[in-house]
Amino acid sequence: MHSRFHLAIKVTDLPIAKRFYCDILGCEAGRAEDDWQDINFFGNELTLHECSDYVPNKNIEGKIVDMCDIPVPHFGIHLSESDFLNLKQRVQQHNDVKVLLEPFVRFEGRPPEQETMFLSDPFNYVIEVKCMKNPETLWDLSS
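Numbering (this note's numbering), first residue to last: 25 to 167.
Be careful, since some hints might not be right.
[As the list claims (entries may be wrong)] DMTMM-like cross-link-like pairs, simulated, lysine to aspartate or glutamate; straight-line CA separation at most 20 angstroms:
(1) Lys34 with Glu139
(2) Lys154 with Asp107
(3) Lys42 with Asp164
(4) Lys154 with Glu105
(5) Lys34 with Asp59
(6) Lys122 with Asp164
(7) Lys42 with Glu74
(8) Lys157 with Asp145
(9) Lys34 with Glu126
(10) Lys154 with Asp93
(11) Lys157 with Asp107
(12) Lys112 with Glu126
(13) Lys157 with Glu74
(14) Lys82 with Glu57
(15) Lys112 with Asp47
(16) Lys122 with Glu85
(17) Lys154 with Glu126
(18) Lys122 with Asp58
(19) Lys112 with Glu139
(20) Lys82 with Glu69
(21) Lys122 with Asp47
(22) Lys82 with Glu139
(23) Lys154 with Asp59
(24) Lys42 with Asp59
(25) Lys82 with Asp107
(26) Lys82 with Glu105
(27) Lys157 with Glu126
(28) Lys34 with Glu52
(29) Lys82 with Asp37
(30) Lys112 with Asp77
(31) Lys112 with Glu152
(32) Lys112 with Glu74
(33) Lys122 with Glu139
(34) Lys154 with Asp164
(35) Lys82 with Asp93
(36) Lys42 with Glu152
(37) Lys42 with Glu57
(38) Lys34 with Glu57
(39) Lys122 with Glu137
(40) Lys154 with Glu139
No lab work stands behind these hints, which were simulated from the structure alone.
Turn these sequences into a full structure, and let the hints steer you where they fit.
Take a look at the structure:
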């Protein structure tokens, strides 16, 4: 079975949202109408719904895990090493990207070792981007 996720979120400005997801993160724009835009979020469907009365959450809270403050809630993506490095460079080239946690290694030396970073889009949705050293361990409960 080939599964993909679909996530629909509210934004107050479609052009700003499209710039962030397409121009900065490198995603591709999909189908659209006047008040929504589909984004190919690394092979998954992210739909941006423009809602002028939406008020983005100002409080991005963290939860202490693995000795760091991980923002919750968040959504994210697992990337290959080359795609992760490419995205990390894209983010570093844009001064206006809110990086909540700079890239760092979690679970170092253990099977689920991964490099991860946390970003916030212009509407305070938190995005985790990660690259697992051993992707096959993602669902391995023994590691």
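- Task: Mind listing which of the numbered hints don't hold for this structure, in increasing order?
- Result: 1, 3, 6, 8, 9, 13, 14, 18, 20, 22, 23, 25, 26, 30, 32 and 39
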